[in-house]
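Visitor: Can you join these two chains into the complex? Each is in its own frame, and there are hints to help.
Listed below are the residues making up each chain.
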Amino acid sequence: MDTNQLYDVLIVGGGNAALCAAITARQAGASVIVLEAAPRHFRGGNSRHTRNFRCMHDAPADVLTDAYGENEYWEDLLKVTAGHTDEKLARMVIRQTSECRPWMRAHGARFQPSLGGTLHLSRTNAFFLGGGKALMNGYYRAAEKMGIEIEYNAEVNELNFRDGRFHSAVVVRKGFTEVVRAKTLVAAAGGFQANIEWLRSAWGEAANNFLIRGTPYDNGHILRLLMNQGARTVSDPTQCHCVAIDARAPRFDGGIITRVDCVSLGITVNQHAQRFYDEGEDFWPKRYAIWGRLVAQQPEQIAYTIIDSQAMGAFMPPVFPPIQARSLRELADALKLDPQALERTVAEYNAAVRPGKFDHAILDNCSTEGLQPAKSHWARRIERPPYYAYPLRPGITFTYLGVAVNERAEVCFEENRKLDNVFAAGEIMAGNILGKGYLAGLGMAIGTVFGRIAGEEAARRAHA
Amino acid sequence: MPTPNPQTSLVTIGETGKLTLAILQDGERVMRICNACRYCEGFCAVFPAMERRMEFGEKDLLYLANLCHDCGECYYSCQYAPPHEFAVHIPQTMAEIRRQTYREYAWPGALKGLFAHNGLALALGALIAPLLFLVYLYTVATPGVFFGAHAVADGAFYRVMPHGAMVALFSLLGIGVCVAFAAGLYRFWRDLGEPLSTLFDMRALKQAMVDAMTLRYLDGGGEGCAYPDEVPSTARRTFHHLTFYGFLLCFAATSVAAFYHNVMGWKAPYALLSVPVIFGTIGGIGLLIGPVGLLWLKIIRDPETQDRKQSGMDTTFLAMLFLTSLTGFLLLILRESSAMGAVLAIHLGIVAGLFITMPYGKFVHAIYRSAALVLNALDKRRPLKLPVGEI
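The listed protein sequences correspond, in order, to chains A and B.
Position 147 of the first sequence, counted from 1, bears residue number 147 in the working numbering, the numbering being contiguous throughout.
Position 330 of the second sequence, counted from 1, bears residue number 1330 in the working numbering, the numbering being contiguous throughout.
Some hints here could point you the wrong way.
Unchecked claim - Straight-line Cα separation of at most 20 Å, DMTMM-like style, residue types lysine to aspartate or glutamate; simulated pairs: (1) B:1018 to B:1055; (2) A:145 to B:1055; (3) A:145 to B:1229; (4) B:1380 to B:1104; (5) A:88 to A:72; (6) A:357 to A:343.
These are calculated hints, taken from the structure and not from any lab test.
So here's chain B without its partners, still in its complex pose (with noise of 0.2 Å):
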């Protein structure tokens, strides 16, 4: 009898390149399982659209595994889970192509070591940024106003640092943020398999924005997911819904910002029940207890479902908002103090660390499992492929 069987793969090489022949081998023999089985069908989006493909090679394993919301259900309900032989453990598997993907789509590739070095990635956000901010703001500021106590007045934070200053910088870093997220974005695209012209079809984005906002397949069919164990839970969805909105409404508070700054003429600082310090708080508020519920439940995640060579990466950029979130608050609290000129320093700092680390980091997630609900949304639309063989 041939040789293939549930232990082993039918694939002996690469396509792109990206993924390493083990990964692809095993993606290639687990989904072959997978799609021979199809238990797990309720579960989430991974494997209807896995029924959709029939065939595993690359740019499916690329699709698939970065649709997957990694909520383990599958690996509780799997009757070939390890010990059985078949060891068919989709979120590791999953997670390692994940892995292998947010590292070999950075962009430029020369920073791509990031991935590897998380301690080096924090030290960066967390340490070097907010550092060079001290030393640089320091050194600019007029002397007496860096220590100085401020009223709540308009520009308060510009005399620390010039409004120009602070747009340009922060102007600069978000356009190289997105250039670096884009080239990503296009060439994971590509190699999906997909023409530039799909990822603008509207109807597609317009289903894959609600599947993120509602993170709808990290319910594990309804009652929740077996995250962080097999007991299904709605802990890690609440969690995301905090950092992710939290995120968001920071993000409107400082656009409301600089709509009031740059239209209306008003200056910062603005008052607490201002439209800007509101969304900030309420965002922060969810910036501050989303990212330490994310990183308790990964924690406490159950050993089997965990992928250790992630951690360093989840945890750096968990910190990074969490810190953005706390450097905040103590600017709102300290802005009137003799201490303003460094918190504020150190809260840019971070912020721009945050800029810095976000494409080298576990943020890309967004990115490519974006594009993965896309593609789902076309796909879905398509008709059936017909699979091996057919002439």
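Isolated chain A, as found in the complex (with noise of 0.2 Å):
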């Protein structure tokens, strides 16, 4: 880090868009600085425990089966953003997935075939070998190689404005504060999911337990200071990825492994052992992501996953074991829930559950009748010994409030002031796409194609 030198390109943040920004300006020519906030270790924000992008293809290509097309992309992204997206940026982003992948092989990424537990993924989400950190490692080796400045533990605290364009950024770094000049800013600093107070001030103290599956780094900071030089924002502070996960997961960065798969296979109570939404509803992969929500409004913000041993060992083997009891009466009372209260929703849903053949494979006709709420698809009565319980609470992977940005990933500022040298890429800014809810991949297909554009646009402005 040159406090004397003028660089080109200033890249905040050190994930998936960062890196793929600070490549592609550096392609271009530019004089490139990368301000990671956390250490060499702990590098790559969110993109460490990412594993593949969803990726747009008219046949098989190399890693992805069949043909996922603009259009079917695109009713998907429709579907679970409710139409909370941007419809202009959300193709571009979709169409430029499909030529990402020749690029990112050159700059260090390895790809794999999708195999166990993934394989419904095949088609439309290409796997790293390794996942998210070995991508970032080879990133990291192709920056460093192209002469990219990559400076570790470097806290942005403060942008510097002067004249209507970023000026510099304030960096703590082992104790010292120093001043950085740029001509240009890439905001990848990610989103505020890290920000338990921020959380709290849009979800009240129920974000007292929220889980945060990510890097603790993502504090929000750079998107703050943006916001306080009038950017204007997307989606809004309640939004997020936000999964359901194992409650005894860490309070940061516990990542896949604290994931629980089984909520279709069984039912899902609250504190007051009521059942509270359709487990059943669609397939686990494409209703994972609304599972955090609907926990998060639960009281207490905890839910409980209970299945018999009939569904146990047929989903992904979760690290942590399940609480066991030989009745659900000793169930409830480990779980500390109303016995009678278990007991009797139980009573209540198996004696919902119509006949049928039971697929977990395919929306099958395994379902209840006259219960509130249903249960659509996998309804088996809960009735063989051992009972087992995974306890869930919310997991937030990130934030959806962000700056909102054109499609050059400029940022736009209220009332159309110019600020012609900033840009964002990445969780920052993937609100303007993602609104709500989720896709699997898409954070980093928006990361990757964001971050390729804003490395770009800073690069010609540099130059300019």
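Guide: Okay, structure coming up:
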């Protein structure tokens, strides 16, 4: 980090979007510095925990099977966001995902065919060999080789603006405060999900019970600084990618292994031992992203998925062992639920289960009748001990409140104020496309596409 | 909430008592984390094998650890690697299980101490054995023969050490080594939970042989593995191939020579362009470059993935291979000089030393790795076992 130098492009953040921007800008001839708040071991933001990215393709292509066209991709996105998206930007991302892979490969990305437990995604998602941390290792290696300066433990405290333009960043590193100047800024510092206080201002006390699945470094500080400068925002602070994860997971950084994949096989009750949503509404990969929010809306933000021995083993093995009991009463005791209430809930559910042919691979005809809420598929009586429970809490992956951008990744400011050297990529602007809901692999798709655009535009602006 | 979590193990007691409780617990804990994550399944055989197991008791850990080729990819790719609080370090965990495997399955058990005393093993192989040969051959040789100059003539070597004695000694050593290997393999296979019959499954054996000969799982899923550091590289595979095929060619050279001697009646030393010498030379070159390369990679390997406890064992074996080849070449060069007697004695001593130390050093990885590869081939054909709790 050279405080005397005027860099062409300063990138705040060190995840997928940041590195895509850095590499693209450097390729365009710009001098680039990346300021990553995390230490080297934890570099890469949430990308460290990712596994794949959603990829449009018109015919089978290397690791991707069949075809996944622009319209189908768009329809999927429209469905999960319920219209909370920007069609122009979304379609641009979708189209560009079809061209990313060779570029990614050239800069250290390795892909693999989807294997155990993820076969259903082989058509839509390209998997990184070894996951997102391996991808980031590859990008960092490429970046270092290209002469991109990378600073770890470099927390940006302030952004200085002069004459209506970005001027410099105040960086705290190893206890020292330094000022780094650059012609352009790419904000790729993630969402604000690790900032519990901010979450609390949106969710109230419920936020105290949220778990953060990814990096503890995404405190939203850069987002806040841009908002203070009058950046227009998209989505709202309660919207996020939020899944139901094991309540025993650590507060931060538990990642993928905290998942619980048996909701659709049993029933899920709240603290009052009451069911609150159709567990069998659709395939789990299409529903996992709504359950975090559902649990967040329950008292004390806790829920319990309950299965019997019939369902045990028919899902991806969670890292936490189940809470196990020989009877429902005993299970209720272990979970500190009202035993009578739990027995009643299960009895009512069991009585409502209609005979059918169970098949977890299809939307089968095992459903309940006359039960509120219904269980539409995979409803089997819970009657074979031992009984098992997994406690659930909301696990936030990333928040959607972000800065509005245009198709050049430029941050849009209020009153059409010109600030022509500020760009954003990744989670900090994902809300433009993902105002609500989630589609597996979309975060990385947005980060990759907008990262590259931001890098290219920033380099061009710096040379203008 | 119950206590077991990613930082503690569900295991409270060992099964066969071969592995320490501490490593059983660490192995179970990290495999449970890996099995819930599965991001690494494209790298090698270990993770797909793990997915077929679901439970991680002693037999499963013995199997998975010995299936691991120690390429390091999973460590660099792991979102839970230290300093993450889950502290998943597969290369380290697997290396420790392998270390305990090699030691605990050594036969006879009285010699397993050699694993802990690599200096002693090296001294035995590289110093004591050659010295004994020098003393022995000098003592038994007819005066003038040991230090005499020799024309390349039929049977020059055997005037220093009679053919019968050479065959008898090395056959005895060879048989002893094979018995030691077989005893270790038998007990290992049994502890993997397999009946002896499955070890002779021809399809599985063939698959395992192909996997071993090609080092199929030492490619990090395509571009090479993270050895000596995180940059994908094929260096280790290359040096291992040089070592392995060098060793094989040297072995072939000896076999052809035995055939020449016993069937054709042609006596060593053989001409420079004879099959045994050509095989021995090419193999010997492999055995010079390969071990040096492997040792060099080991020295520069990222300290994060090193298992220092095994450095001595690895180095000893590599040194013995290198010395075998080096003294072989010396013999080839000096076989017509007056030094031939001494060089032959040293070479034979080193070879004997290599034999003696083989069952108590790094060589045994070939035995247990191959067994794990056989089991891997078998496991792939078996119907998926239903995991815990299924009734």
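Visitor: Run every hint past the structure and note whether it holds.
Guide: Evaluated hints:
no.: 1; hint: B:1018 to B:1055; verdict: holds, 18 Å
no.: 2; hint: A:145 to B:1055; verdict: violated, 43 Å
no.: 3; hint: A:145 to B:1229; verdict: holds, 16 Å
no.: 4; hint: B:1380 to B:1104; verdict: violated, 27 Å
no.: 5; hint: A:88 to A:72; verdict: holds, 15 Å
no.: 6; hint: A:357 to A:343; verdict: violated, 25 Å
The earlier numbered hints that this structure contradicts are 2, 4 and 6.
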